[in-house]
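Chains as they are written, first to last, in this note's numbering: chain X, 535 to 906; chain A, 535 to 906; chain C, 535 to 906.
Everything labelled a hint here was simulated from the structure, so no lab data went into it.
Honestly, I wouldn't trust all of these hints.
Copies of the same chain look alike in the list, so a pair counts if it fits in one copy or across any two.
Subject to a maximum C-alpha distance of 20 Å in a straight line, what follows is the list of computed EDC-like cross-link-like pairs (lysine to aspartate or glutamate) [to be verified]:
id : residue 1 : residue 2
1  : Lys-538   : Glu-875
2  : Lys-628   : Asp-649
3  : Lys-592   : Glu-836
4  : Lys-562   : Asp-596
Quick caveat: nothing in here was measured; it's all calculated off a predicted structure.
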Amino acid sequence: MYLKNAWYVAAWSNELDQELMTRTILEKPVLLYRKENGDPVAMGNLCPHRFAPLHMGKRIGDTVQCGYHGMVFGESGKCVLNPHHGGVISPAMKVHSYPVIERNSLIWVWTGDEDAADPALIPDFSCYSADGFETIGGVMDVQANYELITDNLLDLTHADFLHEGTLSSDAITISKLETIEAGGTVWANRWCPDGIAPPVWGQLMQSQMGFDLSQKIDHWLYMRWDAPAHLLLDVGISPLGKPREDGVWVYTGHHLTPVSPTRTLYFWSIVRNHGLNDPEVDAFWKGSIEFAFNGQDKPMIEAQQAAIGNTDVNDLRPVAIPADVAGGRARRALARQIANEVKGIKPESGASPLDELLKKSAGSYAPVLPVV
Amino acid sequence: MYLKNAWYVAAWSNELDQELMTRTILEKPVLLYRKENGDPVAMGNLCPHRFAPLHMGKRIGDTVQCGYHGMVFGESGKCVLNPHHGGVISPAMKVHSYPVIERNSLIWVWTGDEDAADPALIPDFSCYSADGFETIGGVMDVQANYELITDNLLDLTHADFLHEGTLSSDAITISKLETIEAGGTVWANRWCPDGIAPPVWGQLMQSQMGFDLSQKIDHWLYMRWDAPAHLLLDVGISPLGKPREDGVWVYTGHHLTPVSPTRTLYFWSIVRNHGLNDPEVDAFWKGSIEFAFNGQDKPMIEAQQAAIGNTDVNDLRPVAIPADVAGGRARRALARQIANEVKGIKPESGASPLDELLKKSAGSYAPVLPVV
Amino acid sequence: MYLKNAWYVAAWSNELDQELMTRTILEKPVLLYRKENGDPVAMGNLCPHRFAPLHMGKRIGDTVQCGYHGMVFGESGKCVLNPHHGGVISPAMKVHSYPVIERNSLIWVWTGDEDAADPALIPDFSCYSADGFETIGGVMDVQANYELITDNLLDLTHADFLHEGTLSSDAITISKLETIEAGGTVWANRWCPDGIAPPVWGQLMQSQMGFDLSQKIDHWLYMRWDAPAHLLLDVGISPLGKPREDGVWVYTGHHLTPVSPTRTLYFWSIVRNHGLNDPEVDAFWKGSIEFAFNGQDKPMIEAQQAAIGNTDVNDLRPVAIPADVAGGRARRALARQIANEVKGIKPESGASPLDELLKKSAGSYAPVLPVV
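Required output: the full structure, derived from the provided sequences and hints.
What follows is the structure, encoded as C-alpha cells:
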C-alpha cells in the first residue's frame, strides 16, 4: 500500500538528458526523457503492444519509438504513429502519462490521479536553489523498505552509535526530542547544547573558521518530514551560546522513492552556505556522505530488512523508546493519508514554507521551530 | 501447461558424445548420452533410489551407473544391477525412458506417452542435411517463455526496429502479412518487393556476386511454424524482378525447448547453399547471429519476460496490430493441441514436406507458398 | 518442523573469541561471543527495539551494545542500559537467552525450553578431548536439508561410488549392514573383512607402519547417530585377522545444524590416535576431508536437494534398498522425538557412554557393538 496521490522524486535534474532512461516507482517502470526544449517527460515504460520496455527504443524529436516493433508514442503517452501495414492506431495504444515537474534540481513525478496533481503539494525544498547556497546530491539504491529509512532519519540518536567517531557527540542521545505535527508535516527537533563537537563537524568548523576543538559547542538537528517520504534536516554546530552565523551548518535533503516493498531509491543532498565553489569542501561532504550513508546507514537498514523479511515491522512488536516518537508519528500520518486516499479525501498540503524558517533562523542561536 | 505428445530438441548431434550430459525439458531433468554404437539415449536423470542426478555418475558400456550408491540403469531406464548386499532389484527401480531420434543433426526427444511417439510427427527439417546445403547451428539459453520467442519469429517486422541497420529495409513493415494455416502448421509470409537491400543481405550479395548496392531488390521472408515451437524461415533477396537463383538466401531454423515457464533453450541454425566450405561465410553468419539473436532479440525478449513476470502475456491485454496475426494463430493452434491432448485426441501432423516446396521455389521469383 | 528441545552445535570452540559473531540455527539468528572470563554467551541476535542485528554492534565487557541506537544487553539477554533521554528500560526490552555449554571443543546451544536444557542430553563426544587422541575439525555450509546429510552418513556404501579410488574397497557394498537402535540412538555398523585396502586407508597404514598394500585387510565402519543429527563414526582398517591396534583408525564426528529447511552448517572432525603432533598427518586428513566431503559429498547432496526442491524426499516415494535401513530408522526416531516434543514428552537420552565402547574395543579385532 503506497500513497499514490503524491509527488515522488524520479531523478536529479542532472541525471536526465535527452537519452531515454527508466526508473521503477511504486513497482511500476517509468520512462523518463527530456524533450528537445529540455522539458522532462514521464510515462509508462511498457509498450501496450507486447510490453517491450520503451527505454530500449529511441527518442525521435519529442516522441519515443518502441525498439521492438516501432510504435511511436507522444509525450501524452498516446501512440502517434503505427508504421505497420495499414497504419491504423487503436485508441487503446497508449501508455500512462505521469504528471512531471522539474523543481529545485529534482524531477518530481505524480503517481496518482492526474486531476489531483497539484504542484503546490510538493514540499518546499527551495533551499536547493537558493542564492548563497550550493547543493550536491546523489542517489543510493537501498535494499530495504522506505519507511525503515524514514525511521532512521527521524531518530538521529543513531549518530552516537552507528556514526560513532564521526557524527557522534556526548549531547545527542541524552537530548530531548521535540516532536511537532503541523498539517501533514512532522518535525523531529533536537537541541543539544553544551557538548563536544561531533568530529566531522569540529573538523569542518576548524578548517572553515579556525575553531579550537577543545571548546564546547551547541549542536542542533531539526528534521522535517512530509509524506510520503521527503525529509529536510537543518543541522549544524556553533560555539557555545553563539548564533548559527558563528558556526557551520547545512541542510540535508532526503527523498525516498519506493521501488518495491523492500527496495528504495534514496536521493540525498547537502546544501551549504560555506565553502562555496570550493572543490575541497565538495569532496569533504561527498566523502562524509559516502562514509556515513553508504558505509554505515545502508548496511544497517538492509540488515534490518533482511531480519524482518516480508513482515511489517510493526507486526513484530518492536519495543519502543521515546526516541521513536517522531518516526511513529510519521508512520501514522502516512497511514492516515493512505487511508484517506482510499476514501477519496484530498491530499494534505505539506510544511509551512521554508523561507519563513530561513528568516527566523537568521541570527538566532536558539532552536528555530516552525510556527504551529 | 505444455504440449507433451511432441518432439522437442534436446541437443545438436555434435553436442552429444558418450559423456553423460543433462538438459532440462518441460521442467524435467533428462539424461542424454550415446551408446557405444553411437545411438543416442534419453532417460530421466534422477535415480529413483535417492534422486541423485545420474549425469553425475558414469557410463559403463551402454548403461549408466548412479554416482551416489551405484545402481546401474540400462538404456530402457530399468535398473540392471544392484551392487548392494543381496542384489535384489525392485521393479520400481527404473527411470522414465524417453523415445529419442537423431535426425537432421538434431537429437529429438518425445516427452509424452511412449505409444504415441510417431517419428512422422517430426516436422521436416531435411534441408539441414540436404545435398548442396551447409548448416551451422548453436543454442542460446534465454530467460523467457518460449511463446514470447515464437511471437518474435512470427512477426519479422521487428527486423526494421530491433535490427535496424543490419536486417532492416524500407519494405518489410509496410508489406502485407500472408498467414496460412494448414493442418497443424502456420505460415507467416512476407513478400517485400522493390526495396533497398537490408545491409547484411546487401553485403552478402555484394561479396558473393558483386551486387551493386544502389540497385533495388526483392526481399522475401517465409516463416513456417509447427507445434510446439519448431520454425523454419526461408529468407533472402534477389535483384528486382529476378529469380532467387540470382540472389542470396538461406533457411534459418528455430527450435524452442521449454526449460521452465520462464526459460527456454533456443536452438538456431543457418542453412545455406552459397559459400560452401568457406570459413569466411561461416564467420559472417555466425557473427550476424551473435549480433542479432544474442545481442538484440535475447535482451528484448528477456526484458519483456521481466516486465510481465509470471503473468500470461494475454492476461495483460496486449493491444494487437495486424502483424500479430500469425503469432496469434500459432498460440491458438498450440492451445488447441494442448486441449486436444488432455481430451486424448491424437497429435496433429505437421507441414507438407519441404522438398515439394524446394521444387516449387526453384526458378521462381514470386512468393512460394505451401499448398493449402 | 525441528526438534527444539535439543543441543545443536553453534561453533567450534576455536571459532569463537570475544568478537561478536552470529550463526543462524533453526532459522533464528543467534549472537555468540565470549565473556571476559572466556565463557560463551548465546542470545537472540535481533535487538527488540528495531530488529537491528546485535552482531553489528560491539561487546562492552560482558555485555553487548546494539550498533544502531545503543541499547545494551547483558548475557541474560535483558537490556541493562538504555542510553537515551530518560533511560527507562521496558521489561520487554530483552532477547532470548540460549542455554550454552562448551564441551569437547564445541559450543553447544539449546534451542528449546530453558527448563528442559539438560547437559546430560549432549551425546558423548569425549573422544574429541581424550588423552592420546588429537582432533582436527571444520565447518561446511551445505545448501541442503540436514536429513539428506544424515542419510549420506548412515549409508556409507556410497564410499564405493562417490569416493571411488580413495575410500572405496571391494568389501563395503557387499557387506551386511548391522542396525541397532538403543534408546534414542541408532547404530549403523558394517564389518567388511578380507578386502583390499581403500586407497586412502592403505596409504595411511603404509606411511604409519610400513604396511604392504598387496595384503588383504579387515575394514570396519561403525556409525552412531543421535538426534537431531550428531554422528560419530569409528572407522579403520587392520591387517587381515589382526586387532585394531595393528591397524589405523579414527573417529570422525559429524554435527549437522539446520540453518533452514534447505541449508545446513556441517561441523566435521577427525579424531586420531596415530601421527600425533605431526603436521603431515594433519595435512593428510585435512586434504582427504576437503577432497571427499567438500569435493564429492557436498555437490552430490546439494544436487539431490536441487532435484527434490521444497518437497519432502519421502513424498517422492524413493525406492529403498537394504542399505537405507539405518537412515530410515534415524528419520523415524527423529520424527518420533519431534512428535513427542509436541505432546510434551521429555527428550530421550542418547547413546551409552563412549568410554565403555573404548574399553571394549581395546585389543579386539571383531566388530565392537554397543550393549543393547
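Now the hints, each set against the structure:
Only within a single protomer do Lys-538 and Glu-875 lie at most 20 Å apart by alpha-carbon distance; the minimum there is 8 Å, versus 46 Å between protomers. In this homomeric assembly, Lys-628 and Asp-649 come within 20 Å of each other (Cα to Cα) only inside a single copy, at 18 Å, whereas the closest approach across copies is 50 Å. For a Cα distance limit of 20 Å, the shortest separation of Lys-592 from Glu-836 across copies, 18 Å, qualifies, whereas the shortest one inside one copy, 35 Å, does not. In the homo-oligomer, the alpha carbons of Lys-562 and Asp-596 never lie at most 20 Å apart, since the shortest distance is 22 Å inside one protomer and 49 Å across protomers.
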